[in-house]
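Q: Protein chains in written order, with our numbering: chain L, 131 to 704; chain W, 131 to 704.
Treat the hints as calculated values from the structure; they're not laboratory data.
Among the clues, some could well be false.
Identical copies carry no separate label here, and so any pair may be met within one copy or between two of them.
[To be verified] Below are the DSS-like pairs computed for lysine-lysine, each with C-alpha atoms no more than 30 angstroms apart in a straight line: (1) Lys-204 to Lys-230; (2) Lys-390 to Lys-318; (3) Lys-230 to Lys-394; (4) Lys-613 to Lys-392; (5) Lys-680 to Lys-384; (6) Lys-654 to Lys-451; (7) Lys-451 to Lys-502; (8) Lys-291 to Lys-230; (9) Lys-431 to Lys-230; (10) Lys-384 to Lys-318; (11) Lys-184 to Lys-431; (12) Lys-384 to Lys-613; (13) Lys-431 to Lys-154; (14) Lys-499 to Lys-291; (15) Lys-499 to Lys-154; (16) Lys-154 to Lys-406; (17) Lys-183 to Lys-204; (18) Lys-204 to Lys-406; (19) Lys-184 to Lys-406; (20) Lys-406 to Lys-177; (21) Lys-392 to Lys-230; (22) Lys-390 to Lys-230; (23) Lys-584 to Lys-612; (24) Lys-394 to Lys-384.
2 protein chains.
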Amino acid sequence: NSSSEVVEGPPRRIRVFDCRPENKQVSDEVVDASGKNLEEFLQDISKVFSVGKKETYVLTTTDRRVIDDDIFDKLEDGITLQLLRTADQELPAPTQEHIKYVPHYYTLVQSGMYEYYASEGQKSLPYAFAELVDNSLSATAKREGHRIIDIRLLFDEGQGKHAVAVIDNGCGMTSKQLNNWAVYRLSKFNRDSSTLHSDHLGYVRPSPVPRSLNSDISFFGVGGKQAVFYIGQSARIITKPAASPDVHEFVMSKEDFERKEKNKEDIYCGVIRNRKPGDHAHIVAEDELFLQALIAEEDGKDSFTAVVITGIQSDHITYLKQYFHLWTRELAHIYHYYVHGIHGNELSQSSKDNHKQSDVDIQITLVEKAGKQPRSVNLRDVSTDMQTLYINSSAASFEFRVQAQGDATVEGLIRYHPFLYDRETYPQDPYTSIGPADEEDDECLVLNPEGRGKRPIFECFWNGRLIPYTTVSEFEWCARPKKAGAVPAECYNRISGVLFTNDRFPVSTNKLTFMDLELQLRDKETIFTRVINGQDQRVKIQREFTSWLKECHEQYDKQIKFMGFQGVTSRSDV
Amino acid sequence: NSSSEVVEGPPRRIRVFDCRPENKQVSDEVVDASGKNLEEFLQDISKVFSVGKKETYVLTTTDRRVIDDDIFDKLEDGITLQLLRTADQELPAPTQEHIKYVPHYYTLVQSGMYEYYASEGQKSLPYAFAELVDNSLSATAKREGHRIIDIRLLFDEGQGKHAVAVIDNGCGMTSKQLNNWAVYRLSKFNRDSSTLHSDHLGYVRPSPVPRSLNSDISFFGVGGKQAVFYIGQSARIITKPAASPDVHEFVMSKEDFERKEKNKEDIYCGVIRNRKPGDHAHIVAEDELFLQALIAEEDGKDSFTAVVITGIQSDHITYLKQYFHLWTRELAHIYHYYVHGIHGNELSQSSKDNHKQSDVDIQITLVEKAGKQPRSVNLRDVSTDMQTLYINSSAASFEFRVQAQGDATVEGLIRYHPFLYDRETYPQDPYTSIGPADEEDDECLVLNPEGRGKRPIFECFWNGRLIPYTTVSEFEWCARPKKAGAVPAECYNRISGVLFTNDRFPVSTNKLTFMDLELQLRDKETIFTRVINGQDQRVKIQREFTSWLKECHEQYDKQIKFMGFQGVTSRSDV
Ligand SMILES: Nc1ncnc2c1ncn2[C@@H]1O[C@H](COP(=O)(O)OP(=O)(O)OP(=O)(O)O)[C@@H](O)[C@H]1O
Ligand SMILES: Nc1ncnc2c1ncn2[C@@H]1O[C@H](COP(=O)(O)OP(=O)(O)OP(=O)(O)O)[C@@H](O)[C@H]1O
Ligand SMILES: [Mg+2]
Ligand SMILES: [Mg+2]
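Next comes chain L alone, as it looks inside the complex (with noise of 0.2 angstroms):
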């Protein structure tokens, strides 16, 4: 064995295909090359494929290299090479060459860094922790009482590197279901139902619910390990599902991935620790403190999950601390109606004492120095979002429900901002200009001159949650006609509305954009009706719209309302 002819190395079986021309089939045989060096491999080679002691040939791999002891010390594991005459001959049949071809663990890391980009500018993070919201969402869907959705920003140095964590009390995964966790496109969907350890026995559909607020926002199979590898570049997955005693915890990283394929390891073999809550005694590292506090946190809770994300983006953290009001307001915007329920966020106390409050808490957390206040919100106090200044302004609205194709459905919501005394109270998008000196004055609603303007009606939520760069500009029946008509055409420009979708209508993995929405929606077989008080109306829609919008004209707008009538002057001046 240390002979000074033996080659070192790994184990290498080396496919080979006799190629030689006299042969009509070619024929193949696996050699061993373990340890062995390139005469000593030829040997073999002979005696395998019987070579004639005075026959010239050369062994080449698949690309006609002429494999020399250079190539020959290189050569990896499973690897075909070719018997042959000369190197350029010709092959006297087809050989078969075995490869491998798993997708590079770029897949995971660099899976989002080109999905939540906006070309708006800096909006993108935001719609990177909406992944992970939806999926603490999907989570606590069956919780009894307050669903906890807690967003940490973990920017204080003094306890380690900065972290952003997503903690839910939501029903956990099994080892199992956190190992499928990790496997990018593996969705519920095409989940092997069939093996020992699942309990997706097979995905059931969630019955319709009003706005479809149904909390099923897991789709493809993406979404965590996008938003986590867009985020930063390590994700430490910590969960506990209430049947067990234990916690589950995972760690999936770019340096991992790196070192692994430097070693020539598997790129996708992990390790799971099942270990007792509370247990952090594998958090030795001075700059994972925080860890261990967090996991200090876990006694005596039920279920949960945590996604705890290290490796941040330095910009990411400028954003998020300089940003702040900005990027929980937009996610106030995303999950506005499972924050506040299905009518959204009415500010008056009489409504507010109408309605039952969610019982869905999202709440966000920025931790930065020792000393220095921690600032925090619940995105159930947010009220800057378009919804809310929406509904806020609204004096009335005008409900309609869409039966597209199948079981595709669509809820719909017209609401009317009437002028008012010298202005129009059609609120102004607080996003429109973007930028740290905007934060101070947008508090307020900000009246627009023209009303909507060109802008698009309606905004769109998918099973309740915005789906942020899909806009459907306006329906035949409610766009201002061509001919003037009973009704001021200003009056449409003082319309807002909203569509909810259900999961018929398919959106991009990033859910980003509908993909067909409006496409499907002007389809000649969609039908609209109008719902009044919860009953759908067999009515012409395009006739209740007008009239609902002359109403509103009549009754809101107080530009028109003539007040001390006085009789007709008739000028004969102009």
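Given chain L, work out where chain W with the ligands should sit, using these hints.
A: What follows is chain W with the ligands alone, placed relative to chain L:
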């Protein structure tokens, strides 16, 4: 071995952790369960961990399911189990569970599904084709003489199933490169250059060329895979590199993945067939006859790559036939400057004579039933794409260069479309209304009463290739000024523009949008310079532009040419 006690089955090695409460440290052993039943396995366990004869214990999964005969039979190779006193006892110390999380095959099969949709409607398919054209452009970059990219729609049922083939006379791939083709997210940037086979000894960025027409448009390692699985369900890649006498052939299909999943085989294992050119002995299925013809064409070709897609979605087939004119025009738009050269498609003979023709031939052929003449178009002959319309309706152009951060550069071009006689010559976008009925009448320039109207000024090309969903509306210096200036306001509506960026401006993986082009260009550090005859001018861009625009107005707009001036008349009647 055939005793009734023995359970037959595949090899199973099970890792067992001894977690009985008295242990401070848990120890683990791999125990071979192949061919054993539960009773035998438990006997082995007792021995290995010295379990006392009278001791009670349970064996559970890491999800704390107690192993019974049923579960035992289903245990998979490599699974981790725990030896406990009771099923709900606390773990005395953590256990380490080894898991695998190879991405699901949907990573490939569904990758394109959500990538090439187009909210505008039916334009998505040309963008999938574009990925294959991108690859062929890259592959033919160094070819002397004509670079031929042949897109064939083989829809003649007499020749077998429907197929789409994209064939180029590029450099081809070695079998290792073909293997790499299949690896999702493996790109020229992260390809391992250390291994034996690699010809990519580190990626070298091409040096700057005019309009960034460098053919270097492979970037993410996803395009080909996304495109083939967006178009169909199976891809056969056939390729031959110049240096080798062999053709390499590889098939990747949804069906194949499904079969491997069902049989619990490794998902990402496959076989490359290495064979001599023209050898189609392996094509025997009657519905693959067309492949024999394709393979017969290989003889005499020095190097080539053919991507043959089958299992094509039926609505794609309908679209490709019905909207042939439309999607070929969209491709002509995307590759306008590759097909026509840096000056674009100048229709006047004199311009044609002046400029060397490009050597990129992208031809598309639609073969329907036998007897019916194939429909065929060379993209060079398309003259209804927007760039052709812009170029040929413009009277003058204004060139500039943009220097952004680092070596991010942009060449820019603004064209003037004068008012002539009684109408604007700014061309209308023929895509704005899509439908087969429209196809007939957009062969000619449709004139636009408002000039550009509210449309953005600039279309944007990245490494010479259109990024279709990103436009840039304007820059400060070419926007219509708020106050009336030296130039009539409507002249600002008579300009169109093009931006040619290099690859320093990142695009999304589907190449449909820039990530932050506008943001980058709006940066204060960004410098605009006018270019005259290829020379940068150190001048104030806004002043230059305004005086250019004024000149254009005075020279080319026909409505303000006062002819036959006769004197001043004052009217007192108005
Ligand atoms: N907070 C959580 N609590 C419990 N289970 C979770 C949680 N987050 C993720 N999971 C599980 O991990 C799986 C993968 O999550 P991931 O977000 O990557 O994909 P997905 O939610 O299935 O699909 P999508 O791409 O739509 O997000 C989920 O389907 C869910 O089963
Ligand atoms: N027609 C072709 N001729 C030669 N090589 C090709 C051809 N098509 C693809 N390849 C090789 O296969 C690789 C993978 O192609 P694929 O389109 O999937 O990704 P990419 O081009 O690297 O990146 P992108 O995601 O930007 O398209 C390419 O990098 C190239 O090396
Ligand atoms: Mg998710
Ligand atoms: Mg490509």
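Q: How would you label the pair Lys-390, Lys-230 (within, between, both, or neither) given a Cα cut-off of 30 angstroms?
A: both (17 angstroms within a copy, 13 angstroms between copies)
Q: From the Cα coordinates, with 30 angstroms as the cut-off, is the pair Lys-431 and Lys-230 best called within, between, both, or neither?
A: between (44 angstroms within a copy, 28 angstroms between copies)
Q: Up to 30 angstroms between alpha-carbons, please classify Lys-654 paired with Lys-451: within, between, both or neither.
A: between (48 angstroms within a copy, 23 angstroms between copies)
Q: Give the relationship of Lys-499 and Lys-154 under a CA distance limit of 30 angstroms: within one copy only, between copies only, both, or neither.
A: Answer is neither; intra-copy 77 angstroms and inter-copy 38 angstroms both fail.
Q: If the cutoff is 30 angstroms on CA atoms, where do Lys-183 and Lys-204 land: within, between, both or neither? Let me know, please.
A: Only inside one copy: Lys-183 and Lys-204 sit 27 angstroms apart there, 53 angstroms across copies, limit 30 angstroms.
Q: At 30 angstroms max between alpha carbons, let me know whether Lys-431 reaches Lys-154 within a copy, between copies, both or neither.
A: between (70 angstroms within a copy, 25 angstroms between copies)
Q: Under a CA distance limit of 30 angstroms, which applies to Lys-230 and Lys-394: within one copy, between copies, both, or neither?
A: both (14 angstroms within a copy, 16 angstroms between copies)
Q: Between Lys-392 and Lys-230, at a C-alpha cutoff of 30 angstroms, which is it: within one copy, between copies, both, or neither?
A: Cα proximity of Lys-392 and Lys-230: in one copy and across copies (17 angstroms, 18 angstroms).
Q: Please work out whether the CA atoms of Lys-154 and Lys-406 approach to 30 angstroms or closer within one copy, between two copies, in both situations, or in neither?
A: Between. Shortest inter-copy distance 13 angstroms satisfies the 30 angstroms Cα cut-off; intra-copy 65 angstroms does not.
Q: With identical chains, the pair Lys-613 and Lys-392 could be close in the same copy or across copies; at 30 angstroms between alpha carbons, which is it: within, between, both, or neither?
A: neither (70 angstroms within a copy, 62 angstroms between copies)
Q: At most 30 angstroms between alpha carbons: which applies to Lys-680 and Lys-384, within, between, both or neither?
A: neither (60 angstroms within a copy, 56 angstroms between copies)
Q: Could you figure out if Lys-291 and Lys-230 sit no more than 30 angstroms apart (CA to CA) within one copy, between two copies, both or neither?
A: between (38 angstroms within a copy, 28 angstroms between copies)
The structure shown violates the earlier hints numbered 4, 5, 11, 12 and 15.
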